[in-house]
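The listed protein sequences derive, respectively, from chains A and B. Here the working numbering is used: the first residue of the first sequence is 1, the next is one more, and so on. Here the working numbering is used: the first residue of the second sequence is 274, the next is one more, and so on.
Calculated from the structure, these hints are not laboratory results. We put the beta carbon where it would ideally sit given N, CA and C, even for glycine. Possibly wrong hints are sitting among the right ones.
What the hints assert, rightly or not - Here are the simulated distance ranges between beta carbons:
no., chain 1, residue 1, chain 2, residue 2, range
1, B, K357, A, P127, 25 to 31 Å
2, B, E406, A, Y262, 51 to 57 Å
3, A, A95, B, D503, 35 to 41 Å
4, A, T146, B, V488, 44 to 50 Å
5, B, G426, A, P3, 44 to 50 Å
6, B, Y409, A, I5, 35 to 41 Å
Said to hold, decoys possible - Cross-link-like lysine to any residue pairs, in silico, SDA-like; alpha carbons within 20 Å at most:
no., chain 1, residue 1, chain 2, residue 2
7, B, K364, A, K266
8, B, K502, B, K357
9, B, K357, B, K304
10, B, K399, A, I5
11, A, K214, A, T146
12, A, K158, B, P370
13, B, K445, B, G426
14, B, K342, A, L147
15, B, K304, B, P325
16, B, K364, A, L147
17, A, K158, B, K304
18, B, K502, B, K476
19, A, K214, B, D372
20, A, K158, B, D372
21, B, K502, B, E302
22, A, K214, B, N401
23, A, K266, B, K342
24, A, K158, B, L312
25, B, K399, A, R265
26, B, K344, B, L312
Unchecked claim - Which bits of chain A does chain B cover? Going by a derived footprint, with three or more residues having C-beta under 8 Å, they are:
no., region
27, 76-82
28, 217-229
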Amino acid sequence: MLPLILTATIAGALAGSLCGCTGVLCDRLGLRTVAFAVAHAALAGAALSFLVGVSSIVLGMIFALLTALILGPLADTFEIPIDMVSMTLFSLYNALTFIFLILSPGIVLAAEKVSQVLWGSVLAVTPDYLIILFTIAILYALFLVTLWHRIAPILFDKRLAEAEGINVRAYTYALIALTGLVVVLTLRITGGFLVFSLVYIPASSALQLSENMKRIVALSAILGLTSAIAGVYVSFLADLPVGSSIVICAAGILLIASIAGYFRRKSLIKFVS
Amino acid sequence: MAVKSETRGDLQSELAIKLVNVSTYYSGETKPAIRDISLEIRAGDLVLISGPNGAGKTTLLETILGLLKPKKGRILLLGHEIPKEASLVRKMCSYLPQDFMKPAGEPFSVKEVVAMGLSPIRPLGKLNSADWEAVYDALEILGVKDLAERPFGRLSGGQQQKVMLARALIRKPKVLFLDEPFSSLDRESRAYLSEEVLPELVKKGTTVLLVSHDVTFKPSDCSMIVHMKDGVIVKVEG
């Protein structure tokens, strides 16, 4: 029991902090729906795997990563807002998932396995998975720390950053790809239906608590980590699904942050007047 | 003189901007936003682009910067082909867009916003202590140094515009593109900028392209006024 809860806690902490960071960046870059498309691509990939008889995790990851890589170029080439492309792919992947399941031999078993992708499981947290998650967390942190001074102007104003000579397209594509990677990895714990909440709820909480961009990114990562760890423990103690427990903890933190934010803003107005 | 026969060196010493029969269309539009624009602007000139709303002034600026791709014609900015070499030449220019306003929740501080102007021209975007001094100096020139630590979104429209001007100036641009730069400023600030700050920049050799819909406005040391209407140049003075 102990190793399982320990690995689940570490995985939750890493995935939670990565998702928290990603949420703030996606929000600022207007990429809020990217996570939807990527998560449902993984679902379609997993469903297809039962039809063609390969690993659901591998095919799910391939689908999700390909989606993350093509989203930006698709939107730019056809001059369609990225949110429209994301939501179109999201619907398409839902349709494909259903078709692949219907066509699968042993449809009940396939549906049950796909539900693991939908809802996630701590049993999916293996040592290999932890190593991958840890490596991605390091690479993500390095990317942000090294290139923050180039990313910040894009987060402030994309058009102006481009006018000043920053390669906005390259950085945006890189951030979409990283978002895809983070979502794919987190899917295994929270599942496809709940991964968005770990991406966006900590970001919303952080925005309530600070007006400093660097602090918002750091706070969002910390709150994502806290939600994930708390969720894992609530899940073990109350014998509830991990993904759902994480989301309930994140929502609880958002409620507290919103109340604190309300009083902070009120005291700021009093101080100014 | 034919554009093709000019060398890059000649253009850099004489012309900052050259447009030959440039037309730009917005996506899905059949009518061009600017049509057959030909214009030569010498290095170190202060040029006012004037005209009513929808005349194509902003489109012209953004086409010169390569933010909008022209459907036809040729553009040279500091001797570089636009849009082909836009990313290179943009580092030598500054742009103050007309839609600069940010909402109250904008989490970047004033000094961070100004420092962002330097990040594209520094290795990995990192600023040294001299750069930070320059940030405070630029804020001082615009009279907003005391706001350096405040969140940008908490400033008034006029204060935000001054901060954005500080960001444009800190880059020490060879060409400065200003789109309605005084729209939110009071009369005193407007006079200080148009009669002191901009002429000082021009004296130092900066080429300034200033867009204004106010036909009565004319900054000091203005060497050329380009009047636009319905996407075409209707008159050039100077």
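* To do: Please write out, lowest number first, the hints stated earlier that are contradicted by the structure.
  => Hints 1, 2, 3, 6, 7, 8, 9, 10, 13, 14, 17, 18, 19, 23, 24, 25, 27 and 28 contradicted; others consistent.
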